[in-house]
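S.K.: Taken in order, these protein sequences are the chains called A and B. Last residue of the first sequence: number 152 in my numbering, and the count goes up by one each step with no gaps. Last residue of the second sequence: number 442 in my numbering, and the count goes up by one each step with no gaps.
Quick caveat, the hints were computed from the structure, so don't treat them as lab data. Wrong hints could be hidden among the right ones.
SDA-like, lysine to any residue: derived pairs with alpha carbons at most 20 angstroms apart [said to hold, decoys possible]:
no., chain 1, residue 1, chain 2, residue 2
1, B, 361, B, 379
2, A, 151, B, 439
3, B, 361, A, 124
4, B, 424, A, 151
5, A, 151, B, 440
6, B, 424, A, 107
7, B, 361, B, 288
A quick note: this is a predicted structure, and the numbers were derived from the prediction, not measured.
Read off the chains here:
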Amino acid sequence: MTRLLPLIVLCALLPGALALAQVPASPPSAQGDFVPLSQLPAQTEQLPAAPLLMGAYAFVWIALLGYVWSLWRRMATLERELADLRRRVQKP
Amino acid sequence: MARLFVPLVLVAVLLFAAAPLVVANAPFEQTMGLIQKIFYFHVPSAMLMFVSAFVCGIASAVFLFRRSAVADRVALAAGELVVLFGAIVLVTGPLWARKAWGVWWEWDARLTSALLLWMIFLAYLLVRRFGGPGSEKLAGAMALFGMANVPFVYVSVNYWRTLHPKTSVVMTLAPGMRAAFWFCVAAFAALYVLLLTLRKRLEDRQAEVEQLYLAAED
């Protein structure tokens, strides 16, 4: 938990940092000419969705598997400690 | 509970492994397209964050008023899961928002109150970990405040102006989306019960260790 503290603090500060990093949108500049609809370039996706979607799903899996791994590790440590203590208590 | 544990593990693993296939086969949303599929993990995580906040709050109330050590262990386990599922919500949400709204984050009522809820439970865990003797009572009171925050987070989209979809979205889903969504909710719920059971078992073991330390000193 102590080793995780910097990560936790970073997570807590991240939204504030993101908010500060966002630059307010400037108003669009005045239009110089009118372009017929037929001459517009073909619409392409400005921001591809797939990397964001894959990033979201990857985070879900990593977070859940990471948590299960941390539970397993903590349980193994406790079981060792428990066995050691039982031996000490049973000794005359 | 011990007899139910293995079937629960199997159900959770099967449901969770099948969930990506179910989501892939769900229909595309008209305006958002592919990115809307984050919904199938984002919303169940949010639902479980709320449920876990209630479990933590109610268990904390039982601990505070009846001095039940078991309730305290359940509260700690649930508090940790609020932070886990809250982290999933707070990461997947901005990834969805970047495409759908054009920004990573918006300081509106829903997003800000959800962040506050997550931070209350993060503080709960920090108090439990570093607060020293007696900190479980202070943490229990924090969990009660965290639980009281949940209804405000839930209804915030209906009362304040926000970019976030309203609560009615879930009830008005198209049939193909509805089936996939409730399948994911079932998968996440099974996983939640499993993780809560495991985490509570860890606390039981910790209590045993503490009792044995006392016995060893005697």
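S.K.: Go through the numbered hints given earlier and state which of them the structure violates, listing their numbers in rising order.
M.R.: Hints 1, 3, 4 and 6 not satisfied by this model.
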